[in-house]
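21 is the number that the numbering used here gives to position 21 of the sequence shown; each next residue is one higher, with no gaps.
Just so you know, not all the hints are guaranteed correct.
Pair ranges (Cβ atoms, derived) [what the hints assert, rightly or not]:
| no. | residue 1 | residue 2 | range |
| --- | --- | --- | --- |
| 1 | V132 | S16 | 22 to 28 Å |
| 2 | V132 | A75 | 18 to 24 Å |
| 3 | R5 | V132 | 26 to 32 Å |
| 4 | G44 | I153 | 35 to 41 Å |
| 5 | Q113 | E58 | 36 to 42 Å |
| 6 | G210 | A61 | 17 to 23 Å |
In silico DSBU-like pairs for lysine-lysine, Cα to Cα no more than 35 Å straight-line [claimed, not checked]:
| no. | residue 1 | residue 2 |
| --- | --- | --- |
| 7 | K96 | K115 |
| 8 | K96 | K17 |
| 9 | K190 | K115 |
| 10 | K96 | K190 |
| 11 | K17 | K115 |
| 12 | K115 | K45 |
| 13 | K45 | K17 |
| 14 | K96 | K45 |
By construction, these hints were calculated from the structure, which means they are not laboratory data. A quick note: this is a predicted structure, and the numbers were derived from the prediction, not measured. Don't be surprised by glycine CBs; every beta carbon is placed ideally from N, CA and C.
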Amino acid sequence: MVQDRLLDIAISEFGSKGLEGASTRGIAAAAGTAMSSITYHYGGKEGLYLAAADRIAERMATMIAEPLEAEQHIAADDADGARAGIHRFLGRLADKMASDENADWTLFILREQMKPGEAFDRIYGGVMGQMVLMVADLVCIATGCADARTARIATITLMGQVMALRSSRATCLRLLECDTLTAADVADIKARIDANIDAILHSMRAEEQGRA
């Protein structure tokens, strides 16, 4: 569909150039449609930008919904299950962040992270918000931590190492002295992420047991 192509091109243009730098005329031309269709369907550039954010939220939901659903059924007293769930979920997310498949919309999100507005509210209000809160809940179960803020701070560090595969891609490649991440590179990075997850959760659990 023309509208789907238009939104996909808009995501790419807005992601690489930002709201101000992207050209609606260029987006329309690349999509093979008239400028008037953007005005008609979205009211203009800002409306198209928000529609692009909604499109990203939908794509994230499709990508994450199944693993998100699977980990939400872990019992509140199943510490081992919660730990395994964190490993599974962050492992899947690492695979997505290491791939170039979703590069366009992750660039869009990174721009919104730096200067959040209504578009970020729409993205976070979808599956992204559910995702980070679920990880925080699993941290509580895995460590016995009853303080939500402490668990959320841990979630920032746990997810940050995964997101670096996209947000710091150039640095990762320079450090590894390569042009692209191979399957072996990704496997080694995921193994380190797994070790870091265990170290963080073990430390937090020991802290909780020390308070008991």
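Quick rundown of the hints versus the structure:
1. Checked against the given bound of 22 to 28 Å, the beta carbons of V132 and S16, roughly 25 Å apart, stay inside it.
2. Between V132 and A75 the beta carbon distance is about 21 Å. The supplied range of 18 to 24 Å therefore holds.
3. Range check, R5 to V132: Cβ separation about 31 Å, and the 26 to 32 Å hint holds.
4. A beta carbon spacing of about 40 Å between G44 and I153 agrees with the range 35 to 41 Å that was offered as a hint.
5. Judged by the Cβ atoms, the range 36 to 42 Å given for Q113 and E58 is violated: they are separated by roughly 19 Å.
6. Range check, G210 to A61: Cβ separation about 40 Å, and the 17 to 23 Å hint is violated.
7. Distance hint between K96 and K115 is fulfilled; the C-alpha atoms sit about 23 Å from each other, no more than 35 Å.
8. Distance hint between K96 and K17 is fulfilled; the C-alpha atoms sit about 23 Å from each other, no more than 35 Å.
9. Simply put, K190 and K115 have alpha-carbon atoms about 29 Å apart, close enough for the 35 Å limit, and the pair holds.
10. With a CA separation close to 12 Å, the supplied pair K96 and K190 stays within the 35 Å bound.
11. Proposed proximity of K17 and K115 is supported: the alpha carbons are some 14 Å apart, at most 35 Å.
12. Between K115 and K45 the CA atoms are separated by roughly 18 Å; this keeps the pair inside 35 Å, and the hint holds.
13. With a CA separation close to 13 Å, the supplied pair K45 and K17 stays within the 35 Å bound.
14. For the proposed pair K96 and K45, the alpha carbon gap of about 29 Å is at most 35 Å, so the pair holds.
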